[in-house]
Amino acid sequence: MRVIFVDDEVRVLEALERVLFELETDWETAFLHGGELALAELAKKPYDVIVSDLRMAGMDGVDFLRRAAQLYPRSVRIVLSGHSDEEAALKMVHLAHQFLAKPCRAETLHQVIVRTQQLAELLPERKLQTLAGQFGALPSSIDLQRELLALVEHEDASAAAMATVIQKDPGLTSKLLQVASSAFFNSSASVTDVESAIMRLGLRTLRNLARRLCSDAELRVSALPTATAVQALQQRSLRIAELAASMAKLPEDAATAYVAGLLCDVGQLVLVTGAPERQYVTQAEAAQRGVPQHVAELSTWGTTHAEIGAYLLGLWGLPVQIVQAVADHHAPEREGLDHVGLTQLVWLASCIVDDEEPSPELLSQFGAEELYRTHRSHNEETEP
Amino acid sequence: MVQAVEPASELALLRAELLELQGQLSELQGQLKSRDKTIDALMRRVETSQSTRSSYLAMEQSLAMERVVGNKTAELVEQKARLAKALDELRLTQAKLLQAQKLEAIGQLAAGIAHEVNTPTQYVTDNVTFLQRAFERLQKLIAANTCLLEAARNGDVTPQIVQTVEDARSTAKLDYLARQVPRAIEQSLEGLGQITSIVKAMKEFSHPSGAEKQPFDVHDLIESTSIVAKNEWKYVADLAFDFDWSLPPVLLLRNEFSQVMLNLIVNAAHAIERSLPTGSAEKGKIVISTKALDRNVEIRVADNGCGIPEPVRARVFEPFFTTKEVGKGTGQGLAIAYSVVVDKHGGTIHFETEEGRGTTFVLILPLAS
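Protein sequences appear in the order of chains A and B.
According to the numbering used here, the residues represented by the first sequence are 516 to 899, in order.
According to the numbering used here, the residues represented by the second sequence are 141 to 509, in order.
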């Protein structure tokens with residue numbers, strides 16, 4: 516793996532080089548003083564990860580990362596900045612996959628980079644890495660964006676009211692969790708549900724973020740039929756989320772199950788907006804062959820929307836358990852559990868919503884027959 | 141969720157208060173002027189009637205006059221008291237405004253100061269982590285060497301013991317350590333020095349000074365203000381000092397003076413930023429110079445930025461006048477500089493400017509009051 520570090524302070528680069536030497540990584544590293552030199556280096560050979568400072572003399576970090584994103588979309592972009600300026604960070608929210616705040620422990624930085632390596636193993640196809648990695652944000656429902664924008668501009672809108680809107684939509688929720696999980700806004704443990712994410716950020720940041728999300732063209736897909744597909748995906752994800760939450764035994768698991776359920780199909784959002792024609796063909800094929808969509812995807816892409824979605828959410832630094840659940844929600848046997856965990860909840864919920872019969876062996880392996888049957892019949896009664 | 145009161149909104153309130161007080165004051169002054177006129181008119185009438193009428197009539201009329209004047213005087217005294225009170229309030233509000241602008245400036249600087257501290261903290265931490273690990277390896281080497289020494293003393297050096305030392309030596313990567321350890325220590329000390337200097341400058345800048353002028357080394361104050369504002373100028377300009385070291389201490393209100401320097405430095409940086417094409421690697425130049433004059437000190441803050449356009453030159457010292465975009469300027473910086481230099485220190489402030497070439501602000505302060 517190749518990693519490039521960019522900073523306008525030579526001492527930061529030298530110290531990073533020393534500490535990484537001590538961590539004995541097998542990475543090929545380059546340390547470049549400023550954006551121009553870094554672009555020249557990137558032109559020589561591809562790098563898997565770019566770690567860049569934000570405010571730099573000469574070519575600014577924002578300009579540098581924008582250029583890098585255009586020229587080398589596959590490279591994972593990580594900001595390592597000493598700026599505590601929140602607005603500047605929110606500006607970067609679509610340009611960088613992750614934000615780390617200086618001072619950042621070498622172990623943390625190391626861990627983040629190792630994680631991108633693991634994600635690349637999850638989704639080894641480079642073209643798909645590029646496809647997923649270039650999404651600064653995922654498209655979201657236009658109606659919900661409008662609703663959120665109206666709330667944000669309203670003087671006394673509460674955080675709870677905004678949360679209600681945000682957590683109906685995978686695009687908005689994934690972005691909220693990315694920001695709330697980032698060390699830039701939050702120095703402690705991972706955030707696995709919308710309410711804690713909002714508590715972490717605070718009302719002011721939430722407002723700024725919501726404005727940023729709604730003003731962004733990337734999130735606004737107006738071209739049919741993609742817009743219709745996005746809308747349909749949003750509604751289906753919402754059903755999976757609610758079902759997964761209602762199946763959780765403990766209330767504290769329900770909130771995480773909700774988020775994992777809501778986000779389990781973000782890979783489909785990536786495919787349907789990033790490669791619409793091919794995805795429509797795949798969908799038609801699935802219908803024709805009478806197989807679930809993820810099975811048809813496997814023959815088209817060599818992988819499924821589950822891995823693609825998990826790759827992107829992982830790059831964004833979302834909590835590991837959510838990324839895991841998204842990655843395995845069509846292959847829950849990968850985790851080798853003998854009970855129902857987060858992944859199994861999402862798997863069951865998506866089976867029920869997609870009307871896909873889960874294998875009896877797996878149901879029995881997880882001891883989930885009863886849970887499945889109860890919720891399945893319940894869902895059939897309430898299905899619109 | 142409780143939101144902290146932002147200095148900006150406090151500033152807006154103070155502005156409104158100040159404007160209102162200024163209004164009241166001029167109204168009171170107007171009233172006083174018209175009273176003066178009435179009294180003048182009465183006096184003239186008394187004088188003319190004294191010359192023309194009989195002394196009895198004149199006496200009676202002047203008694204009446206006295207009553208009128210007496211009443212008027214009482215009113216006047218009352219007006220004067222109100223005026224004095226309004227003036228006091230005005231002074232208080234101006235002081236608050238100065239403080240609020242300073243808080244606002246510090247708020248704007250805070251992000252930059254954090255950056256100036258976070259960056260060295262990053263590399264100092266990395267270097268210390270490196271040194272920690274390097275020392276662990278060295279300790280293992282020392283332990284192996286001690287074994288070898290022990291064996292040598294006893295005269296039973298075995299090939300295994302020698303091999304252990306060889307292994308420890310190669311794991312220790314002595315060549316690498318010899319190159320990197322001194323650099324790591326040196327750069328860590330530099331980083332700590334940088335953190336110390338910014339914290340010291342921040343303390344100097346924000347520490348409230350008394351209401352009395354005291355002798356200060358202006359060079360110290362200029363330097364610490366430049367450090368505090370470093371993140372505002374360092375991306376767009378180089379900053380140089382050209383100090384006259386023969387300059388004696390100057391009687392100053394330290395806080396107010398630093399604030400003026402801050403406002404001028406930030407303005408210079410903004411003027412340069414405007415003149416540079418966006419994303420350019422070019423930098424402008426800010427030069428702060430001092431010169432001892434006969435009984436004064438001259439301080440010049442020169443930039444090679446965009447200059448002040450002709451139409452706005454007459455207005456730059458006006459309160460609330462700004463050409464900066466919203467959020468970047470409050471229009472208070474130069475108004476406050478003027479008030480501090482001229483009203484509080486009995487000095488003068490003016491500027492020399494050429495569009496596209498730059499601006500120099502020139503402060504002249506008396507050495508002693």
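Honestly, the hints are just simulated from the structure, not real lab data.
It cannot be assumed that every hint is accurate.
[As the list claims (entries may be wrong)] In silico DSS-like links for lysine-lysine, alpha-carbon gap of 30 Å or less:
| hint | chain 1 | residue 1 | chain 2 | residue 2 |
| --- | --- | --- | --- | --- |
| 1 | A | K559 | B | K225 |
| 2 | A | K606 | B | K225 |
| 3 | B | K353 | B | K225 |
| 4 | A | K606 | B | K464 |
| 5 | B | K236 | B | K484 |
Hint-by-hint comparison with the structure:
With a CA separation close to 74 Å, the supplied pair A/K559 and B/K225 exceeds the 30 Å bound. Only pairs whose Cα atoms come within 30 Å are accepted, and A/K606 paired with B/K225 is rejected, the gap being roughly 49 Å. With a C-alpha separation of about 25 Å, the suggested pair B/K353 and B/K225 falls inside the 30 Å cut-off, and the hint holds. A C-alpha spacing of about 21 Å is found between A/K606 and B/K464, which places the hinted pair at or below 30 Å, so the restraint holds.
Simply put, B/K236 and B/K484 have alpha-carbon atoms about 15 Å apart, close enough for the 30 Å limit, and the pair holds.
When the structure is compared with the earlier hints, violations turn up for hints 1, 2 and for no others.
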